Amino acid sequence: MSVTVEIGRRDDRPPVPPGGAGWSCPKCHQPADPAAVRANLQVCPACGYHLRIGARERIAQLVDQGGFRERWAALKTLDPLEFTDLETYPERLREAQAKTGLTEAIVAGTATIASVQCVLAVMDFGFMGGSMGSVVGEKLWRAAEMAATEGLPLVAVCTSGGARMQEGILSLMQMAKTTCAVDVINEAGVPFVAVLADPCTGGVVASFATLADICVAEPGALLYFSGPRVIAETTKEELPADFGTAERNLALGHLDAVVARTELRDKLANYLRLLEGGGTPERIRARRARSRSPRGLVDATARRAKALAAHARRPFGRGDREAVYTPQDIEA
Amino acid sequence: MGEEIERLSTRLKTLRHEKRRHDAWLTVQIAREKDRPRTREYIALLIEGFEELKGDRLRADDRAIVGGLGWFEGQAVVVIGHQKGRTLDEQQMHNFGMARPEGYRKAQRLFRLAERHKLPIFTFVDTPGAYPGIAAEEGGQARAIAETMRNMARLSVPVIATVIGEGGSGGALALAVADRVLMQENATYSVISPEGCAAILWRDAEFAPQAAEALRPTASQLLALNVIERVVKEPRGGAQNNPENAANEVRQALRETLAELVAIDPAARRAQRRERFRKLGAFSEGSVAGAVINALPSLSPRPQRDF
Ligand SMILES: [Zn+2]
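Residue numbers (the working numbering), protein chains in the order written: chain G, 1101 to 1432; chain Z, 21 to 327.
Just so you know, the hints here were simulated from the structure itself, not pulled from any lab data. One or more of the hints may lead you astray.
[Unchecked claim] These stretches of chain Z come out as covered by chain G in the derived footprint (C-beta under 8 Å, 3 or more residues):
(1) 46–56
(2) 118–130
(3) 143–157
(4) 160–171
(5) 181–193
[Unchecked claim] Only pairs whose alpha carbons sit at most 30 Å apart, straight line, appear in this in silico BS3-like list of lysine-lysine:
(6) Lys1176(G) <-> Lys1336(G)
(7) Lys54(Z) <-> Lys74(Z)
(8) Lys74(Z) <-> Lys138(Z)
(9) Lys1336(G) <-> Lys54(Z)
(10) Lys54(Z) <-> Lys1176(G)
(11) Lys33(Z) <-> Lys54(Z)
(12) Lys1336(G) <-> Lys39(Z)
(13) Lys1336(G) <-> Lys1127(G)
(14) Lys1367(G) <-> Lys1336(G)
[What the hints assert, rightly or not] Anything over 10 Å on all C-beta distances counts as not near chain Z; from chain G, calculated:
(15) Ala1135
(16) Ala1139
(17) Leu1364
The structure presented is a predicted model; accordingly, all values stated were derived computationally and were not measured. We treat Cβ as the ideally placed atom computed from N, Cα and C, and that holds for glycine.
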């Protein structure tokens, strides 16, 4: 009924932190070496339980060495409603920023995934439940617009409790805004692949995420519009034990596939290559030109060639609006 | 003396605050008023020769959304709206205006009909939200809402949405991706119900009046946020006190808005609709030179800080 967070703030599947002594899986309770869990992309080596991961760790897992360049990092959240509940919105934001080291619940930029160039947007559930406010909506819009104008595919990794209540109606409007952003991508004919990670609910599944060309989820991820609590309270219906799981959604026909995290990178690259395979000869040439250059933003056009030259000179980008994460940076 | 002034000014601030809370909560009550005219009443008062068209052409007819064809001042139009009902029987029949995927798919097929025959679309928004049931969820509620928004955004015919009661969350927005959004004086439009918001953020639904105030869900507040284009006046105390009068105000707003929209080229209208939603949001883009602030209303003289 509502498009917003109803998931408890308590995180029941936190990722394994760096270092640390003993760890045991929250699902199968098998102890494991934390380093082995991290090396297994934060998936339990014994039972395959997928732990939640933040945006930076996700990016590090997906992109090639040095293959991510953040954009739009200077977008800042405002408090348009001067919203106060038990805390003020600014206080909640500062806490989320301190906790995650991020400025907002999404990180977006250009990326290379298994040698395929794309625009990549990754949400972070740790930042106010991955809730979608104005900055998340604007970054998604810009990511879509860049994908459309540069002829690059868009990959969005979505995890969210829904709309950000503290921005009131403006957060609801982000559903319409991001939906229109998908139309921008569709009109340009560039691929859009969405990955739904645990949990992905409310306004995000009821807008851009489920409109992707290909929509996959991680094993065990909970995906729904209205949550179990609201359903139980409103309808008194008894929920099936596996309600909302990725596997049940797959069986119901709402997903293209359930993809294990360890296979996600290669799957994504495959999807993007296949979706780009139907292009005109010109597009195929452009793609070849891109694949010859391991790093940088190449296209067949002169503008893109110029961009490459500039990029090659300073391969990790520079400037006050852009930051670069290398896997080293993120794992540190 | 200085102390006294300070004490009075604090007291005044508290009173203003209490009045805002009271007004917001009162509006929430009026918007939900049992006898408030619903979509069917407005159709009866505004549309001549209404022909209801049922079904989603897939599996069912969802009575939480009604739709059909009719004449508005000599112009054939497609009308689609949430139907809440007034008596308990009616409310149960219409599932309290809470639509299932079938309802949103019915809206989509009526959009296609309107597009094919170049008919303007009026929608009426009046719902607590989309229906939160297992069958609705598993029948694709999320995607049904997303598709409805997308298909509405793509229309080349004029689309006017009017919020006439409760504009509850995504279930309401699904019928409001319009060229112009009008809103009755005592209607509300919000991302979440005050009760739902209070239960999550205050951890107690009893704080609904506080949540109502914080969410700023009233027509005048939404006008300030550029989320709606026009506030439609209501009779004193609310539309239920004089439905004919309330309908006449809606009629005038629809007439003027439609005239404005038909003058725009269809492709331009569609582009402007997309632009309308692209601009909604509040953020700044920090740079050494200062912040660029997007679509930020001034709700109070307090300077905006950013984070
Ligand atoms: Zn395990």
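Structure-based check of each hint:
{"no.": "1", "hint": "46–56", "verdict": "violated (count 0)"}
{"no.": "2", "hint": "118–130", "verdict": "violated (count 1)"}
{"no.": "3", "hint": "143–157", "verdict": "holds (count 9)"}
{"no.": "4", "hint": "160–171", "verdict": "holds (count 9)"}
{"no.": "5", "hint": "181–193", "verdict": "holds (count 5)"}
{"no.": "6", "hint": "Lys1176(G) <-> Lys1336(G)", "verdict": "violated (42 Å)"}
{"no.": "7", "hint": "Lys54(Z) <-> Lys74(Z)", "verdict": "holds (25 Å)"}
{"no.": "8", "hint": "Lys74(Z) <-> Lys138(Z)", "verdict": "holds (20 Å)"}
{"no.": "9", "hint": "Lys1336(G) <-> Lys54(Z)", "verdict": "holds (24 Å)"}
{"no.": "10", "hint": "Lys54(Z) <-> Lys1176(G)", "verdict": "violated (42 Å)"}
{"no.": "11", "hint": "Lys33(Z) <-> Lys54(Z)", "verdict": "violated (34 Å)"}
{"no.": "12", "hint": "Lys1336(G) <-> Lys39(Z)", "verdict": "violated (37 Å)"}
{"no.": "13", "hint": "Lys1336(G) <-> Lys1127(G)", "verdict": "holds (28 Å)"}
{"no.": "14", "hint": "Lys1367(G) <-> Lys1336(G)", "verdict": "violated (40 Å)"}
{"no.": "15", "hint": "Ala1135", "verdict": "holds (35 Å)"}
{"no.": "16", "hint": "Ala1139", "verdict": "holds (34 Å)"}
{"no.": "17", "hint": "Leu1364", "verdict": "holds (22 Å)"}
Going down the numbered hints, you'll see the structure goes against 1, 2, 6, 10, 11, 12, 14, while the others check out.
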